[in-house]
Structures are given as C-alpha cells and as structure tokens.
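If you want the building blocks of each chain, they are given just below.
Protein chains: 2
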Amino acid sequence: MQTFSVSPEGEKFPLPTDEDYQKEFRRLQDLADRHRQMGQEIVVVLGMGFVGAVMAAVIADSTDDSGKPGKFVIGMQRPSTRSYWKIPLIQRGIAPMKAEDPEVEKIIHRCVVEKESLTASYTYQALTLADVVVVDVQCDYIKESLNNVSTGYVQMEDLEKALEITGELIPSNALVLIETTVPPGTTEQVAYPLVKKAFKKRGITSEPLLAHSYERVMPGKDYVSSIRNFWRVCSGVNSESRERVIKFLTEVLDTKNFPLTVLERPIESETAKIVENSFRASILAFLNEWSLFAERNGVDLVKVIQAIKVRPTHSNIIFPGPGIGGYCLPKDGGLAVWAYKHLLGFEDDLFKITPAAININDTRALHVPELARDALRNMGKYIAASKVTILGASYREDVGDTRYSGSEVIIRRLVEMGAEICVYDPYVDHWWEFEAQETYPTPGKSRGRFFRSQKKLSEMRMEPDLDTALADADVVIFAVRHKQFLNLPPADVVKAAGGPLAVIDCFGILDDEKIKEYFQLGCEVKGLGRGHINRLKKQYKR
Amino acid sequence: MQTFSVSPEGEKFPLPTDEDYQKEFRRLQDLADRHRQMGQEIVVVLGMGFVGAVMAAVIADSTDDSGKPGKFVIGMQRPSTRSYWKIPLIQRGIAPMKAEDPEVEKIIHRCVVEKESLTASYTYQALTLADVVVVDVQCDYIKESLNNVSTGYVQMEDLEKALEITGELIPSNALVLIETTVPPGTTEQVAYPLVKKAFKKRGITSEPLLAHSYERVMPGKDYVSSIRNFWRVCSGVNSESRERVIKFLTEVLDTKNFPLTVLERPIESETAKIVENSFRASILAFLNEWSLFAERNGVDLVKVIQAIKVRPTHSNIIFPGPGIGGYCLPKDGGLAVWAYKHLLGFEDDLFKITPAAININDTRALHVPELARDALRNMGKYIAASKVTILGASYREDVGDTRYSGSEVIIRRLVEMGAEICVYDPYVDHWWEFEAQETYPTPGKSRGRFFRSQKKLSEMRMEPDLDTALADADVVIFAVRHKQFLNLPPADVVKAAGGPLAVIDCFGILDDEKIKEYFQLGCEVKGLGRGHINRLKKQYKR
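Those sequence lines, one after another, are chains A and B.
Numbering of the first sequence is given in full-length UniProt numbering, commencing with residue 1 and proceeding in unit increments.
Numbering of the second sequence is given in full-length UniProt numbering, commencing with residue 1 and proceeding in unit increments.
Heads up, some of the hints might be wrong.
Keeping only pairs whose Cα atoms sit at most 30 Å apart, straight-line, the calculated DSSO-like set for lysine-lysine is [to be verified]: (1) A:K309 with B:K200; (2) B:K309 with A:K196; (3) A:K309 with B:K256; (4) A:K247 with B:K538; (5) B:K537 with A:K196; (6) B:K309 with A:K538; (7) A:K537 with B:K514; (8) A:K161 with A:K200; (9) B:K247 with A:K516; (10) B:K196 with A:K341; (11) A:K341 with B:K352; (12) A:K247 with B:K352; (13) A:K341 with B:K197; (14) A:K341 with B:K537; (15) B:K341 with A:K256; (16) A:K309 with B:K538; (17) B:K309 with A:K221; (18) A:K247 with B:K516; (19) A:K352 with B:K200; (20) B:K200 with A:K200; (21) B:K221 with A:K309; (22) A:K514 with B:K247; (23) B:K221 with A:K538; (24) B:K196 with A:K538; (25) A:K352 with B:K352; (26) A:K538 with B:K537; (27) A:K309 with B:K309; (28) B:K514 with A:K197; (29) A:K537 with B:K196; (30) B:K197 with A:K538; (31) A:K247 with B:K196.
Chain A is faced by these chain B residues, among others (derived, beta-carbon under 10 Å) [claimed, not checked]: (32) L249; (33) I274; (34) A285; (35) F351; (36) W431.
Note that these hints are calculated values from the structure, not bench results.
This one's a predicted model, so the numbers in the text were calculated from it and none came from an experiment.
Don't be surprised by glycine CBs; every beta carbon is placed ideally from N, CA and C.
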C-alpha cells in the first residue's frame, strides 16, 4: 500500500497518520479562534485544483472597506496519494500548479507566508469551523467514445461525498457555495437532499443555505484576474442563501467594476454556465464543416473569418484549431445532456446541437493526420516510420495547459498509423495525458483508450530544444498558435530538418508569404481550412 | 393576357410597348452622353428590389473628391406584371418599397428629382451604356418542406438570364459586380462561363471583368446607412476586376471609416457571406434546445441570456424569437448546401450544423400554438373556434418586413387547429405572404403550401386598431418586440379583451412584474423559454 504522495517535481510526502489528524485539527481551531477574534470570517475552500487553489487565495487576499483582511481561508484537499502533495506545498507558500500568470505564485505566497490569511489542510474537520464553504471539487464527465458524448456519464462521487461530509460537519448557518461546474439541477436535486438529510440526523431543523455561482477562469497570463476581476453569476436555494452569496462575493471579488448577475434558482445559474460554454463550443463546431468546405474549394477560411470578424455582432467568430480543448468546452454540454435524463427525469433526445458540437470538436483533430498522410504522399513518402514533429502540445496559445488538447488526438492517431513522434512545446514540461495514468491525471481524462496501442506513446519524445525536435523530420505540424511559432522563418525550419519536409498548418499559423517560401524551398504544405494553398502551390512550388 | 402592372397602392401601369422601348433607349443614350461629357461614369444596377433600389441611389448620391457627382445611375428592372410598376414610381422620385428609414424616400427623391443622377428603366439596352454593372437580381432558395432545407433548390433562372444578357450587351471593359447573395461558386462557375460565351459570340477575346461583393443591409431605421456606412467584402475573378471593384466601392461607399476587406477569389467572398449569416442562424438554432430545456425545468432563458451577454466574447448571444425570419438567415445556408453538390460537384453530406440550424429555426414557431393550446386548456377552453390575437407580423422589432416571419408559421398552424385569427402590427399594411400569390411575392416565399387549408387564411383580419384587435380575444400572442408592445399594461389588455385571457410571450416581451399582474388578473401565461412562469403562477395566480 502506497503511503506517499509525489509532487510533479518528484518530491515524496508521507500521507498523514491518525495522530497527525488530531494535531492538525487543533492547529486549525487555534487559527480559527485567533482570526475570529480579529473579526474575520472563516472560509473553507474544498478542492485545491485549478480553480479552488486560486479562489482560496483571492478570498484570503481580499480586504474589508477599511483595508483589513476580512476572511481567513482554509484550503482543504483530500489526502489521496494523487493530490495530498498540494497541502505541504501550499503550506510553504508554493502554488500547486504551474501557471503562466506570475500572480498565481505571488498571491499564494503572499497570503500563506506574509499575510497568514491562508492555510492548507487535509482534514474535513475544518468544515466545523466554517462560516462559508466554497466547493471546488471536480465533477467530471467521462466519455465512452470519442464521437458520441451522449453515451458518457457524470463522475459525481467525489462531489457527493464532499457535500455529504459538509452536511455532517458545518455549522447549520454556514453558507455552502458550490462553484464547480455541475449538471443543471445538482444544487437542488443532489446537494440539497444530501445536506438536508445530514442536518436531520444531527437534529438541525433549519434549511441548508446552499448557493451556486460559477467562475469564468481563463488559463494564461491573467489567471488570477480572471477569477477576481470578472463578472459573476450567482443564485441560491432560498432568499437567505441568495443574500448571503451576494454579500460574500461582493466582499471577495471586484463586483464594483464587474457587477454580479443574480439569478433566482441554482438551476438557472448552473444552466447559464453550461449554455455559455456550449455556445462557444457550438460556434467552433459550426466552423468545422466550413473548414472542410474551404479546403475542398480553394477558400482560405482564415481570411473569410477575418472578413466576418469586422462586424461587431460577429467579432467572436474564431478559427477552430485542431480540435477544441481545455477542461470545459469538451465536457460541459455532456453534463447537461446527462442531467436532462438522470437528474431532471426526461427521456427524449432534446439536445441536438449541444452534443453534436462536442462530437465534431472532439474528432476535428483526426483530419490533421489525413493531411500529413496526403502531403507525404505528394513527396513520395509514407506516414509509417516517418518522423513527425509536433509544435505545440497545449490546448491554447501561450499556455502549458494540455487538457483535452487537439495535439493529443493528432498524436494518438499518428502513432496508430505508424509514425514516429517528437513534440516541442516551450510551455509544457509534463504532458500528463501521456504519462502514468494511475497517478495524474484521472484515467477519464486520457483519450488513449479510444485508440489502438497505447504503449507506443511512452516512446514519444518531448524535446526541449526546437532544432533538435526538427532534426530529420519528415513532417512538421504547427498545432498551437504559440508566439514562438508565428514567426518561425521557413528557411530555419527546413535547415533544422535537413531538407524539404511536409508542413501542416492546423491553426492559421502560416501567412501566405511563409507558405510561398515553404513551396519555394521544395516543401509540401497543407492546412486545416486553407483551401487556397493549392493556388499558392501552383504559383510557387519549386 | 394581363398588360398592366399594379403597385402595392393599387395604381395600374400599362406595360411598355415595342415603340416605348425604342424611345426609352434613346432617352437613356441622351442621358448617358450628357453625363459622360460631365466626366461621369455610367452605372447600371440590375434589379430594383430591397437592395438594388437603395444601392442605386447610394451610388447616384456619391460624389468625387471635389464634391461633384461622379456617377450617373440607371436602375433597371424587367417589365414583368409583378415588378414593372417600380420603374414609373422611381421616375417620380418615389421609393419602390416602404421602409422605416426616412432616408430611403429622401435619397431616391433627391437623386431622381433634384440631382438627376438616377433614372429608372425597363430596357436591358441600358447595359450597352454601362461602365459598371451592379447585379442585384434575386437568387432565391425554394424549400420543398418546412423541416428539411437540404431537399430544396436554388432558383437561379432570373440571375442567369440577367448575366447572359449582360454578356451580350455590355462593353467588353465594363465591370460586372455581382452583389446578390449567391451559392458559392456562382461568379466563377455560372457567371463567368455565361459572359465568356456571350463575349465569344461577339468576337470579344478579352476576359470578362467579374467581381463579387456582398452588402450587409439591415431593414430598419438605418437602412441606407447600413448600405453606405458599413464594412464590405469584395473579390474579383482576376487582378484587373479586383482592382476595378476596389476602386468602384471606394468611390461610392464610406470605405474610409469602414475599410474594405479584399478577398482573392469570388468563391471566398461568396462563402464569407453565407458563413456570416449561417453563423447567426446557428447561434439562434443552438438556443432553441436550451429554450425548451428552460421551459421544462423552471429556467428563464431571458435572464440566462442576459447573464451570459455580459461577457464581451458572448455579447452576441440573443434570445431566439418565434422562428428566425428575414430574407437571409432562413435561406443562405441552403444556397451553400446546394452549391456544394450542384456547382462544386461533391456528393457527400458535408454540412451538418448549417442545414440543421435552418430546420430548427424554421420550425421553432410551431411550439407557440402548443403553448396557446395548453394555456387555453388550463382555462377550460379549446383552441378550435377561439379568437387568437397576434401582436406583431414582421420578422423583427420595429420594422414592417414580414419576410419569413415566425408569425406567419404561428398563424398557419393555428388556422389548421381551427382558431380564429386577428393580427395587429403597427408597421405592416400589407402582409404579402397571405395575399394573392400570383402577384407579390413569388410563390416560393409563402409557406402556405406546407400547411392544410390555405384558403382560410384569406379570412384572417389585419386590424389597424389595437383595442379592436384585442376585443373578445381568448388568447393574445406577443410575437414581435415592437416598442409599443413592451410597455402594454396588462390591465389594458385584459380590459380590451373583456376579461381574463391566455397570454403567450414569444420573445421575452413580458417582464416578471407584468407576468405577475396577468396572473393576478386571472390570466394564464406561458412563454417560449420562460420556465420560471410556473413559479410566478404559484405565487400570484388569483
């Protein structure tokens, strides 16, 4: 039995013992007492993931009207072998995730070490001390296939467990704010019964104070700001919880510049979050058919989108990269399709565009290996045993977040087809989806199971040097719009590769001038949605 | 044989005779000579429809850098019984359509009567005088069913005929600018061969100068401005036509404040137009499933959309009214689905979201009679023989444009169900879709053929007085967000109806306060996407 939790940097932390738990709770009691005497509220944040850890710090960093800290925050994380390491790291003032926003490291250090307004803990007993509980426990959607999101299911056990324990431990007048993106209906039809039942067992007759509010966090250089300085939507199961959540969010976020939207029932704010992300996913999926249309008919979709974006009412039309990744867009619609049946009790297939959009986005990346195959064929080569260099592993430009990235799917298919893979991404050290599945991340997050032969993936290289990554490449795939890739001179790429190669542009990364240069250098070029490339080929191919 | 053309106001105009044609052409020759001597270019605009007539006036109203008129415009319209009346009307300085923008009447009067820079004619011989031809001939998409746009077809004969005659008559160096929304590929694969062949017959060996540019006209109070002061996209079949179209549009539109986007090939700008409108149609269709979800689960979609709109990246999310109307959104995607097969030669079903969006939008209105039926049932009444008052016939707020309006479909279904209909719309005098199909509009535009018993529709009343329209109504349907309807006091509506009635809100027209008042007055209320109404009913129903 493993009794250590290993951090991404490889540091081993022994899991807490029974004795540790008692000491830890006394520590928290002392802290809570002290801060309560200073007139502060005790906030417990459950779940130290991408959102929870930063939300905890934002709350701990907030001040009241007189400029004094108004909250003391306990960031709580279950001591599993997979996640326990976050607790001792935060306790040192170190952020439990890598982020492109330097403020993430700073705010956690500031709150833990300087202000001492934030502490991390592994014991649920912290809940007994809470005035407010913020729930940031993950609620995943697990797909059963790559092209039929509706057959998947919601993995809600961790969230249910957390809510049950919350009901067993919190003071009866504590506000429980669910911040996780959940299937619509969860706050009222899952959380409320769990907490109500636990209250009943404890002889508490008052109504649980449950609220829902969703964040709109965006990985990247404005990570912290996207939590604190951005519009929020909230709701509560009754008027008291609604008033409490408005008060709480007003105290910890910049609601002056970014006013709250208050909806009446939690199902309304839960639904708003899903509609918001499904809206984005649908816009992107809509463009997939136009991307293929463009490729087949001499149209450059990149320029068409630029032409359309000019209209203020159409300014959010965006080029769909090689599959739509990130944690939210690929799953949120699935939560609603599932909830409509399993929480809300309908049996008809109401949802059409929402799940179709996810299926289209999930499989869009599979067209990239097709383009690589065709480009190689034009050079008299085959994908099998060819060296393919992938530029970009993350799901978005200039971040290191690899969750559900298009590159993962491109690579898994290329490996099936027999290619040799080398990956370069300046933002990514670990590509968790290709590492040991038992530790990090959860199995549901890897899409290896949808492909033949997962073992070969362990042979894949993450190469920290671009020239080395390109050496002897038969194909280079521009997969992500990282700044570094936008201005890469074609001559340098060809030189690093040691000769002409196939060049695949997945994201409108190459302008016409560069495409022309690649052709003049003897390369083959193809691109998602870029049907005009054949015209350029006729004009410029050596 | 009919030899008159009747205007919407009922004035009869005899069609021109052979003798008239000769005189008319001499008139145009004299005008052209005179204006050419003044250093002006001769522009012939083909098609005096919604776009063509105003575009002709905008060109005629334009001035060169020294402030002098640079163009003389001949607006040409085929002398069919259905359309000939436009010519004599324009010649009097009267706009051939009703518009909410007073500038439409003014600009046509100014150019025809004051500046004398615009004349209208019925003879194609005008083309022999052209430096530039602007083609605004309609290209319709005819559906074969209400819920399967892909089985429809493009009605291109008029456009083809116009292009053929253009090739036969224009000077070889005239620029032909196609402005009609056409199936992608039309300029290069339909227009080019037609003109080229005509040129060949005439012994002209030079390449035809064909260009494509699309307008983004918006019915309403800024009609003229939406043609002149808005961004344009253009393209040409070769570099000379591209340069010519850039020069022409720069001379006649405000390209200083609204810069041109130049795309290389016409298929790129033709595609951009369709993507642009299909994008909008898809966003609206996406919301239909969420509208039904909202209704069934206590969610007010109006508030959810307001919550989401706050995000700048989501500001174009809009509540889908009762079906998505107007001339463009219901058909443009169909043009592309058709072109992909019939012009571009593909047999696969590439398009998924684009046609699905049109089908969803075309049938969304059919849910409104369901709501009316259910609301009546709650009052112990039946839809058959009930009087239903529809507030709003147009497709958009504060305009009188009824093309493909949701109200048409609502009414046709209600008539099938046996209801008695009364319509009130302060902007609509004629509801063409319900009038004689042989004259105006073209048969393809009416959706009567998708419904049982079209005859009954002639019994429908357009009532110019609101109170009279509401008298004895069993149901009132708020169908369009006309300003007048937004603040209608519930007490006044109930009083006009003579007692409590069923109230159906199709467009988020009633705020919660009004819904509450209707309930307090004993009414039944239901609304598209407004699931929270049941909560209000429990609280306030008398």
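Original post:
Can the restraint linking K537 (chain A) and K196 (chain B) be considered satisfied, given a maximum Cα separation of 30 Å?
Top reply: Between K537 (chain A) and K196 (chain B) the Cα gap is close to 27 Å, so the pair holds against 30 Å.
Original post:
K537 (chain B) and K196 (chain A): Cα distance at most 30 Å?
Top reply: holds (27 Å)
Original post:
Going straight from one Cα to the other, do K352 (chain A) and K200 (chain B) come out at no more than 30 Å?
Top reply: violated (51 Å)
Original post:
Given the hinted pair K247 (chain A) and K196 (chain B), is their alpha-carbon gap at most 30 Å?
Top reply: Not OK: K247 (chain A) and K196 (chain B) at ~72 Å, beyond 30 Å, violated.
Subject >> Restraint status (C-alpha distance of K247 (chain A) to K352 (chain B) at most 30 Å) >> reply: Since the Cα atoms of K247 (chain A) and K352 (chain B) sit roughly 46 Å apart, the hinted pair is violated (cutoff 30 Å).
Original post:
Is K341 (chain A) within 30 Å of K352 (chain B), Cα to Cα?
Top reply: holds (25 Å)
Original post:
Between K352 (chain A) and K352 (chain B), is the straight-line Cα distance small enough, at 30 Å or below?
Top reply: Roughly 11 Å separates the two Cα atoms, so the pair holds.
Subject >> Restraint status (C-alpha distance of K196 (chain B) to K538 (chain A) at most 30 Å) >> reply: holds (24 Å)
Original post:
When the nearest CB of chain A is found for I274 (chain B), is that gap smaller than 10 Å?
Top reply: holds (9 Å)
Subject >> Hint validity - F351 (chain B) Cβ closer than 10 Å to any chain A Cβ >> reply: At 5 Å from the nearest chain A Cβ, F351 (chain B) passes the 10 Å test, so the hint holds.
Original post:
Would the pair K197 (chain B) and K538 (chain A) pass a check requiring their Cα atoms to be no farther apart than 30 Å?
Top reply: holds (26 Å)
Original post:
When you check the alpha-carbon spacing of K247 (chain A) and K538 (chain B), does it fall within 30 Å?
Top reply: holds (28 Å)
Comparing the model with each earlier hint shows violations of hints 1, 2, 6, 7, 10, 12, 13, 15, 16, 19, 20, 23, 26, 28, 31, 32, 36; every other hint is respected.
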